[in-house]
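We have chain A already, so just place chains U and R on it with the hints.
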Amino acid sequence: MRVPILRLGRVLLTSLPADLTDQQVMDLQIDALALIQAGKADGLVIDITAADVVDSYMARILSETAKMVTIMGGVAVLAGMQPAVALTLVEMGRGMIDMETAFDLEGGVAKVARLVASRGGRHDEVPIA
Amino acid sequence: MTKSRSPDRSASEPAVGTETHAVVEIRVQNDILLARQASRKAAAALGFGTVDQTRLATIVSELTRNALTYAGGGACRVLTRLTAQERCIVIEVEDQGPGIADVTGALARGYSTGGGVGLGLAAVHKLMDDMTIETRPGRTLVRTGMTRRR
Amino acid sequence: MHGLGQILLQNRSGVLDAWLARLRDTAPGAQPASLQLLKLELGTLVEKLTAYFLAGDGDGAGPAFKSVEEQAATISAACARDGLTPMETATLILSLKTIAGELLDRETSAKATELYRMRTALDAGVDRLALITFAAFVETREEIIKRQGRALLDLATPALPIWRHIILMPLVGVIDTQRARQVMEWLLEALAREEAHIAILDVTGVPLIDSRVALHLTKTVEAARLLGSRVIVTGISPDAAQTLVKLDVDLSSMITRGTLRAGLAEAFRLLGRHPKDPIETSL
Chain A
34 MRVPILRLGR
44 VLLTSLPADL
54 TDQQVMDLQI
64 DALALIQAGK
74 ADGLVIDITA
84 ADVVDSYMAR
94 ILSETAKMVT
104 IMGGVAVLAG
114 MQPAVALTLV
124 EMGRGMIDME
134 TAFDLEGGVA
144 KVARLVASRG
154 GRHDEVPIA
Chain U
51 MTKSRSPDRS
61 ASEPAVGTET
71 HAVVEIRVQN
81 DILLARQASR
91 KAAAALGFGT
101 VDQTRLATIV
111 SELTRNALTY
121 AGGGACRVLT
131 RLTAQERCIV
141 IEVEDQGPGI
151 ADVTGALARG
161 YSTGGGVGLG
171 LAAVHKLMDD
181 MTIETRPGRT
191 LVRTGMTRRR
Chain R
103 MHGLGQILLQ
113 NRSGVLDAWL
123 ARLRDTAPGA
133 QPASLQLLKL
143 ELGTLVEKLT
153 AYFLAGDGDG
163 AGPAFKSVEE
173 QAATISAACA
183 RDGLTPMETA
193 TLILSLKTIA
203 GELLDRETSA
213 KATELYRMRT
223 ALDAGVDRLA
233 LITFAAFVET
243 REEIIKRQGR
253 ALLDLATPAL
263 PIWRHIILMP
273 LVGVIDTQRA
283 RQVMEWLLEA
293 LAREEAHIAI
303 LDVTGVPLID
313 SRVALHLTKT
323 VEAARLLGSR
333 VIVTGISPDA
343 AQTLVKLDVD
353 LSSMITRGTL
363 RAGLAEAFRL
373 LGRHPKDPIE
383 TSL
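Residue numbers (my numbering), protein chains in the order written: chain A, 34 to 162; chain U, 51 to 200; chain R, 103 to 385.
Mixed in with the good hints, there may be bad ones.
Unchecked claim - As a list, the in silico DSS-like pairs of lysine-lysine whose alpha-carbon atoms are at most 27 Å apart:
id	chain 1	residue 1	chain 2	residue 2
1	U	Lys176	U	Lys91
2	U	Lys176	R	Lys248
3	R	Lys150	R	Lys199
4	R	Lys321	A	Lys100
5	U	Lys176	R	Lys150
Hints were generated in silico from the structure; no laboratory data involved.
Okay, chain A solo, but in the shape it has when bound (with noise of 0.2 Å):
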């Protein structure tokens, strides 16, 4: 089963569960860059507050996922990570996770859209003098 992406305005939203295999990791990842490149969205937040292990396998993926979105000119924000979760991918060694950081889904949403705003606003609109 795919994970499901939900749209909130211009902002991509998926919440990861608990016990998330890697093909799911790697279909989640596809789905979101076609909605990116379809021109649906600036952004995309993903929600892992229910994921109680996020292995070296999966932060590479996340963070990759991230790197592709940023080039495809979008901004990729990882929300709600448990505190344990943080702890052990710290201890694994530094830079596990390279991505932008929020503290909930709602901080994520409004990341997106500061990190938008800052960039100059959406990317389907052409500023006219």
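Okay, now just chains U and R, sitting in the frame of chain A:
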């Protein structure tokens, strides 16, 4: 390759009173999740805190994925030991794969063959109290333990 | 060494009294209550030593001496707990040599060779006890130190919610790896519990900030970032600043301020508001 934070805590010595808490065969991706749940359950039963439970589930995820990726599968055993002073969990992951050619390299961050990220073993090394690796073509056994005082 | 045993047996109370008199001299600071307890323990030691000399030839072997050794270890542990110095404890045990030696000179009518053999056996026995006493003393002290260390570690470092979305964690004492892990865990849990966006970690009370402590701080900052929160480290002393720069520690990922006051101002700035503003979410 042996790493031991304290010499009397080696996971490699034959343990007295060790109980096998669970054995999970690793054949498909979903088995990684089952092994993770089994280790977390064992840790919770021993009264390990949330952070230790997460460390354990994470290294089980790393090791079982390695077995699946590089050897096409294997087995994960969760062993527990309770003494008067200590609570101990040992994770053993065994596979029949080609073996690890360069253990030292695999432990160094970023090393990888076979397209993986190669952080797995290094992460286990950092999160656990001790770790031993026996490897040759046809059989690899990684055994790693976490010990807490009672 | 039956003769030696006999003499000790006949003069038991005299030996004990002389010994206690010396104890008062060697350890004038000892509490009366612990002196009472020590008197009992020393009495048992004299008894056991007597039994040992009565039973064997005094070569320091066999179960009888084992029992003497155990008693000496008990006494030593008691001395360590009562705060006697190792020197006082060893002097106490060794003084038995003088006391019993004088007793021998006075009481025995034996020939010079026999007297010499008795004194040698006595010296050997007491010397051995002094060594055991010392080992037991060190062991007890180490046990005490370990226990105190654990107690210090268990002292919860409080995370105080000082404003909406801001928590303060004042660190006091030496930060080793184990404690750093614990602090990180508490800080992250507090961030999640209080829904805090900013944690101020005040290190004014940390006596030494070296590269190892800096590494722990960096990790804490990184872990907080993963939660979507920021950490401001305050109270870095001039000494610490000099050390960190000389050691070439990379602190670029960390917001640092000299004083707690400056740290708090920075927290408000990051939250994009003034303390007088109505409370609302940002960041």
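Cross-check of the supplied hints:
1. U:Lys176 / U:Lys91: holds (22 Å)
2. U:Lys176 / R:Lys248: This hinted pair holds, its Cα atoms lying about 25 Å apart.
3. R:Lys150 / R:Lys199: Between R:Lys150 and R:Lys199 the Cα gap is close to 15 Å, so the pair holds against 27 Å.
4. R:Lys321 / A:Lys100: Satisfied, since the Cα-Cα distance of roughly 23 Å is no more than 27 Å.
5. U:Lys176 / R:Lys150: violated (53 Å)
Comparing the model with each numbered hint stated earlier shows that hint 5 is the single one that does not hold.
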